[in-house]
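Number of protein chains: 2
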Amino acid sequence: MTGNAFDRDLDRNPANFQPLTPLVLLERAAKVFPNEVAIIHGGQRVTYATFWERSLKLASALARHGIGKGDTVSVMLSNTPPMLEAHHGVPMTKAVLHSLNTRLDAAIIAFQLDHAESRVVIVDREFSDVMKEALALAQVKPLVIDYDDPEFGEDAPYPKGERIGSVDYEAFLASGDAGFTWSMPDDEWDAIALNYTSGTTGNPKGVVYHHRGAALMAYANTVHAGLSRGAVYLWTLPMFHCNGWCFPWTLALTAGSHVCLRWVRAKPMYDAIAEHGVTHLCGAPVVMSALLNAPEDEKRDFSHTVTFNTAAAPPPETVLSAMAEAGFTVTHLYGLTETYGPAVVNEWKGEWDALDGAGQAARKARQGVRYAALEGLTVMDPETMTETPPDGETIGEVMFRGNIVMKGYLKNRKATDEAFAGGWFHSGDLGVMHADGYIQLKDRSKDIIISGGENISSIEVEDALYRHPAIAACGVVAKADEKWGETPVAFVELKPGRTASAEEIIAHCRSLLAHFKCPKTVVFSEIPKTSTGKIQKFRLREQARELS
Amino acid sequence: MTGNAFDRDLDRNPANFQPLTPLVLLERAAKVFPNEVAIIHGGQRVTYATFWERSLKLASALARHGIGKGDTVSVMLSNTPPMLEAHHGVPMTKAVLHSLNTRLDAAIIAFQLDHAESRVVIVDREFSDVMKEALALAQVKPLVIDYDDPEFGEDAPYPKGERIGSVDYEAFLASGDAGFTWSMPDDEWDAIALNYTSGTTGNPKGVVYHHRGAALMAYANTVHAGLSRGAVYLWTLPMFHCNGWCFPWTLALTAGSHVCLRWVRAKPMYDAIAEHGVTHLCGAPVVMSALLNAPEDEKRDFSHTVTFNTAAAPPPETVLSAMAEAGFTVTHLYGLTETYGPAVVNEWKGEWDALDGAGQAARKARQGVRYAALEGLTVMDPETMTETPPDGETIGEVMFRGNIVMKGYLKNRKATDEAFAGGWFHSGDLGVMHADGYIQLKDRSKDIIISGGENISSIEVEDALYRHPAIAACGVVAKADEKWGETPVAFVELKPGRTASAEEIIAHCRSLLAHFKCPKTVVFSEIPKTSTGKIQKFRLREQARELS
Ligand SMILES: Nc1ncnc2c1ncn2[C@@H]1O[C@H](COP(=O)(O)OP(=O)(O)OP(=O)(O)O)[C@@H](O)[C@H]1O
Ligand SMILES: Nc1ncnc2c1ncn2[C@@H]1O[C@H](COP(=O)(O)OP(=O)(O)OP(=O)(O)O)[C@@H](O)[C@H]1O
Ligand SMILES: [Mg+2]
Ligand SMILES: [Mg+2]
Numbered sequence: 001m002t003g004n005a006f007d008r009d010l011d012r013n014p015a016n017f018q019p020l021t022p023l024v025l026l027e028r029a030a031k032v033f034p035n036e037v038a039i040i041h042g043g044q045r046v047t048y049a050t051f052w053e054r055s056l057k058l059a060s061a062l063a064r065h066g067i068g069k070g071d072t073v074s075v076m077l078s079n080t081p082p083m084l085e086a087h088h089g090v091p092m093t094k095a096v097l098h099s100l101n102t103r104l105d106a107a108i109i110a111f112q113l114d115h116a117e118s119r120v121v122i123v124d125r126e127f128s129d130v131m132k133e134a135l136a137l138a139q140v141k142p143l144v145i146d147y148d149d150p151e152f153g154e155d156a157p158y159p160k161g162e163r164i165g166s167v168d169y170e171a172f173l174a175s176g177d178a179g180f181t182w183s184m185p186d187d188e189w190d191a192i193a194l195n196y197t198s199g200t201t202g203n204p205k206g207v208v209y210h211h212r213g214a215a216l217m218a219y220a221n222t223v224h225a226g227l228s229r230g231a232v233y234l235w236t237l238p239m240f241h242c243n244g245w246c247f248p249w250t251l252a253l254t255a256g257s258h259v260c261l262r263w264v265r266a267k268p269m270y271d272a273i274a275e276h277g278v279t280h281l282c283g284a285p286v287v288m289s290a291l292l293n294a295p296e297d298e299k300r301d302f303s304h305t306v307t308f309n310t311a312a313a314p315p316p317e318t319v320l321s322a323m324a325e326a327g328f329t330v331t332h333l334y335g336l337t338e339t340y341g342p343a344v345v346n347e348w349k350g351e352w353d354a355l356d357g358a359g360q361a362a363r364k365a366r367q368g369v370r371y372a373a374l375e376g377l378t379v380m381d382p383e384t385m386t387e388t389p390p391d392g393e394t395i396g397e398v399m400f401r402g403n404i405v406m407k408g409y410l411k412n413r414k415a416t417d418e419a420f421a422g423g424w425f426h427s428g429d430l431g432v433m434h435a436d437g438y439i440q441l442k443d444r445s446k447d448i449i450i451s452g453g454e455n456i457s458s459i460e461v462e463d464a465l466y467r468h469p470a471i472a473a474c475g476v477v478a479k480a481d482e483k484w485g486e487t488p489v490a491f492v493e494l495k496p497g498r499t500a501s502a503e504e505i506i507a508h509c510r511s512l513l514a515h516f517k518c519p520k521t522v523v524f525s526e527i528p529k530t531s532t533g534k535i536q537k538f539r540l541r542e543q544a545r546e547l548s
Numbered sequence: 001m002t003g004n005a006f007d008r009d010l011d012r013n014p015a016n017f018q019p020l021t022p023l024v025l026l027e028r029a030a031k032v033f034p035n036e037v038a039i040i041h042g043g044q045r046v047t048y049a050t051f052w053e054r055s056l057k058l059a060s061a062l063a064r065h066g067i068g069k070g071d072t073v074s075v076m077l078s079n080t081p082p083m084l085e086a087h088h089g090v091p092m093t094k095a096v097l098h099s100l101n102t103r104l105d106a107a108i109i110a111f112q113l114d115h116a117e118s119r120v121v122i123v124d125r126e127f128s129d130v131m132k133e134a135l136a137l138a139q140v141k142p143l144v145i146d147y148d149d150p151e152f153g154e155d156a157p158y159p160k161g162e163r164i165g166s167v168d169y170e171a172f173l174a175s176g177d178a179g180f181t182w183s184m185p186d187d188e189w190d191a192i193a194l195n196y197t198s199g200t201t202g203n204p205k206g207v208v209y210h211h212r213g214a215a216l217m218a219y220a221n222t223v224h225a226g227l228s229r230g231a232v233y234l235w236t237l238p239m240f241h242c243n244g245w246c247f248p249w250t251l252a253l254t255a256g257s258h259v260c261l262r263w264v265r266a267k268p269m270y271d272a273i274a275e276h277g278v279t280h281l282c283g284a285p286v287v288m289s290a291l292l293n294a295p296e297d298e299k300r301d302f303s304h305t306v307t308f309n310t311a312a313a314p315p316p317e318t319v320l321s322a323m324a325e326a327g328f329t330v331t332h333l334y335g336l337t338e339t340y341g342p343a344v345v346n347e348w349k350g351e352w353d354a355l356d357g358a359g360q361a362a363r364k365a366r367q368g369v370r371y372a373a374l375e376g377l378t379v380m381d382p383e384t385m386t387e388t389p390p391d392g393e394t395i396g397e398v399m400f401r402g403n404i405v406m407k408g409y410l411k412n413r414k415a416t417d418e419a420f421a422g423g424w425f426h427s428g429d430l431g432v433m434h435a436d437g438y439i440q441l442k443d444r445s446k447d448i449i450i451s452g453g454e455n456i457s458s459i460e461v462e463d464a465l466y467r468h469p470a471i472a473a474c475g476v477v478a479k480a481d482e483k484w485g486e487t488p489v490a491f492v493e494l495k496p497g498r499t500a501s502a503e504e505i506i507a508h509c510r511s512l513l514a515h516f517k518c519p520k521t522v523v524f525s526e527i528p529k530t531s532t533g534k535i536q537k538f539r540l541r542e543q544a545r546e547l548s
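Going down the list, the protein sequences come from chains A and B. full-length UniProt numbering numbers the first residue of the first sequence as 1 and each following residue consecutively. full-length UniProt numbering numbers the first residue of the second sequence as 1 and each following residue consecutively.
Do not take every clue at face value.
Just so you know, same-sequence chains aren't split out, so a pair can sit in one copy or run between any two.
[Stated by the list, open to error] As a list, the in silico DSBU-like pairs of lysine-lysine whose alpha-carbon atoms are at most 35 Å apart: (1) 160 to 534; (2) 132 to 160; (3) 31 to 483; (4) 520 to 132; (5) 495 to 132; (6) 31 to 349; (7) 299 to 69; (8) 349 to 299; (9) 267 to 349; (10) 495 to 411.
Just so you know, the hints here were simulated from the structure itself, not pulled from any lab data. Computed from a predicted model, the values in this text were never measured in an experiment.
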């Protein structure tokens, strides 16, 4: 007899133990709410029954093609119904969904397809040119399926490429059987998705998600984003980015409606809010700017509460106050591809409502506290693995631990081991712990500027720059300097019709920051951003090198 | 190299895998919302910081007493703060919380203490007499701790018994250390709680819950009961019953407030709703009746939405319509001790709002569909383990499968094996599957009446009886009959001041039911109920035997 009485004859069996997976959530929604609208896409309305049936057909067609456990199915799709179907249909076959960023170039797509050993590619006709090039470069020879979106008119602002596949998505689906017997994962630790990091800081790595984490994210997102029955979710966040922060699975929990969106532009966003009663949307601060800077005739009135969940960068104060005025509730989230998207939430406290605008913005700028489904979040000295004091000042590396941290990097044991050294996931983000337990990012490991031995947070300098009324976007990086080692250089994009001189901007910074932190050089130019709205610091660093 | 690339070098480690447990939820609430009110008890207000600290002190004091993994800590407490503290403090030591039904007699308490090998008993002075008797009968010699509730006045409607323990609860807590290092469970499958079945159908069995199930219930309850930040939960459901359907853990997820209640009476319930802004409460239909039948001067007005989650028995139509009129939203849940409380929810569909009162009540009477955290729910022939047709007619046994089904029965391998035979948990409840996938209970295995070879659902007959305006409560059981095998006998409790004859009642039933289903005998008497408001059919069956 082993252990105590509570361990004896009380083993797992199919009646009391099933692998956690988000797939049972869509199954339930389809059974309970078959007639409710699961997906709105232009003129299309897809019910939950149909969403489920189409996902089953996709799974069946894939299985007939020989796809099964551990196989990779790659997709290069916009925020359209097939992308939602792939999130369920692919794992129903025990295969892994690999979502490609639709802005990638052919070389990197080819790299990913080969690295992932992709067996099937589903590609939207918007991206067929680059995919064709990529397939020519790649070693793998996947089955290629074209998706020809009926809502993508020939007169659309972006050109529709040729068909490059051997079969059309709808025809492929039609070859599947809606009576397909889908599979629970053998183990909740089995992979469900593969997402390559966006490559801001280095070579893309293949982040592997498991069913357990995806299921827990469905619950945690529901709680932290405040989703309830009848939620209407607008797809402004790309679904290829951390699986849309796991919202394709999350919405199934409360049987909410997805509103698809091919291109993130202000008018269709406002139209969706006004016409479909959108309650939630997510995106980088740049999406908020798009909403705010829309021409007046594209804006629409709405009286219901719309929650905007933002991550990728701290929301600037001016954007926050403008969003509040425009009738949006903003929730600030933080996470990484490695944490299934958001794993940290700025939990807003009632007592903060009494602060003035700047005080509230300062609180809102903190990344916050752990998601309920994340068991640990802290700031540590990565060398000693000791926690930094919660003084809001001492910079350390943000560390994560828990069930919504990735399995690891695909075929990259070294990177995986490094990322998990000491039993914590090393985020590469530098931040501080405040006395109240909220973390705040100060920089990324590679973005910190060391000038005369002093650390300068590029975020802090950027914050100061953003307070200048003429500045629309900016990025601060290090420039090599003989005397100081490094000095900050500011890249600045001005608002249309505004002017400002370098001297004026430096003076502005000096009024807010210690002198050693102020940019020595100001470069006026358009700021390069990733598809997810993040400033591409490595590009700025390249430009800074050329300045030296 | 084993398996595919998605399995290689991607193992569990402390950074990406932690045991699921509800304990991290209270830890988070205390850290994020230290100053918010966690518990209201009469004049007391306990913040989340204090709730956490007191739970830690309880854990520390227990650990100093030698309590650790696999030990049992028994509590016989009302819905008071120590009961909430025990739900967290006991598992923090890796021990198991055993909650005693406060209405039990000494013999059965002694049986449970011995069977559970209890090492500590915490007892409220309301129950010290019966506990003293039980301890005299029991073999085990646990440490006994008295809880002397300051809100339990000497002038209370129930007498306060003597102190029987060796230490007072507050003194015991004071001996603990708030800096205690609490333990995550070694495994999420480890036991967290022990609840004996209420014994409606047989010998009490010790149902063992694990951390995994309790954590998942916290998420699922939040979703299905519609809890959000700021929820105020009134404790009308006994916390000893399936750990209060896991709500002591659930509320921590959204940092809601618990409103304690020693005795379930109408006036304090209305006062709590009006004064503390209660948003949610749970209970058997009898609690709804208590609210509805309150004298007018005890009722209070409220304008906010109050959700009443009811289970234990299907809510009668008259009660449902009266609740709606009184301003409550009623959600119908169903579950068993073996399923952590509710595991089935009557998901209300918008399209049903168009039905008339009777039509709506008929829909609401269905137990419904699986909780999101339950992976399987069906109706089967328990012999063949094949599903019954979804025709709303064919009776079978309701079967559960999933992560919110118990580990099993403590030290009762035979009962555990029987309960899990064929990979499904056999509920002992008889029901039908409707075409829309909603289940409806028709009876319990032992309650079905077989008359002339025909099955008669006692619930169906009771439903008909409840439509008689003079009937307050009723129960229908089988009576042996030479000719028919069995015939139904109705036990009927009339409303105060109302009269009705047996003939009249039988005629009423005949107007609604097939004749063979109508009671042949009507007995007027008070209906015996369990502490959780369920009619004790076995008592009625005893009385029916005496009639023969
Ligand atoms: N709320 C936020 N505030 C500030 N920075 C954020 C926020 N949310 C996310 N980030 C930044 O985004 C990073 C996560 O981005 P993501 O995983 O999408 O790709 P990436 O890290 O930019 O790419 P790569 O890892 O290849 O360099 C975080 O590490 C952090 O630096
Ligand atoms: N919504 C409901 N409608 C009808 N019956 C219900 C409902 N909810 C619960 N029940 C009944 O309550 C039972 C679960 O009760 P519980 O586990 O508390 O103890 P018990 O089953 O009465 O006791 P024992 O198992 O010892 O006989 C279910 O099996 C079912 O018969
Ligand atoms: Mg990264
Ligand atoms: Mg039972």
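Hint-by-hint comparison with the structure:
For the homomeric pair residue 160 and residue 534, the shortest alpha-carbon distance inside one copy (27 Å) is at most 35 Å, but the shortest distance between copies (66 Å) is not. For the identical chains of this complex, residue 132 and residue 160 are intra-copy neighbours only, at 13 Å inside a copy versus 82 Å across copies, given an alpha-carbon limit of 35 Å. When the C-alpha separation of residue 31 and residue 483 is checked against a cutoff of 35 Å, the pair qualifies neither within a copy, at 69 Å, nor between copies, at 45 Å. Proximity of residue 520 and residue 132 under a CA criterion of 35 Å is satisfied in neither setting, with 45 Å inside one chain copy and 81 Å between copies.
Taking the shortest Cα distances, residue 495 and residue 132 never come within 35 Å of each other, neither inside one copy (38 Å) nor across copies (79 Å). Within a single copy, residue 31 and residue 349 get their C-alpha atoms only as close as 38 Å, which misses the 35 Å cut-off; across copies the closest is 12 Å, which meets it. For the identical chains of this complex, residue 299 and residue 69 are neighbours neither inside a copy (47 Å) nor across copies (61 Å), given an alpha-carbon limit of 35 Å. Taking the closest pair of Cα atoms, residue 349 and residue 299 come within 35 Å of each other both inside a single copy (30 Å) and across two copies (33 Å).
In this assembly of identical chains, the alpha carbons of residue 267 and residue 349 lie at most 35 Å apart whether taken from the same copy (33 Å) or from different copies (33 Å). In this assembly of identical chains, residue 495 and residue 411 lie within 35 Å of each other by CA distance neither inside one copy nor across copies; the values are 44 Å within and 73 Å between.
Hint violations for this structure: numbers 3, 4, 5, 7, 10, all remaining hints satisfied.
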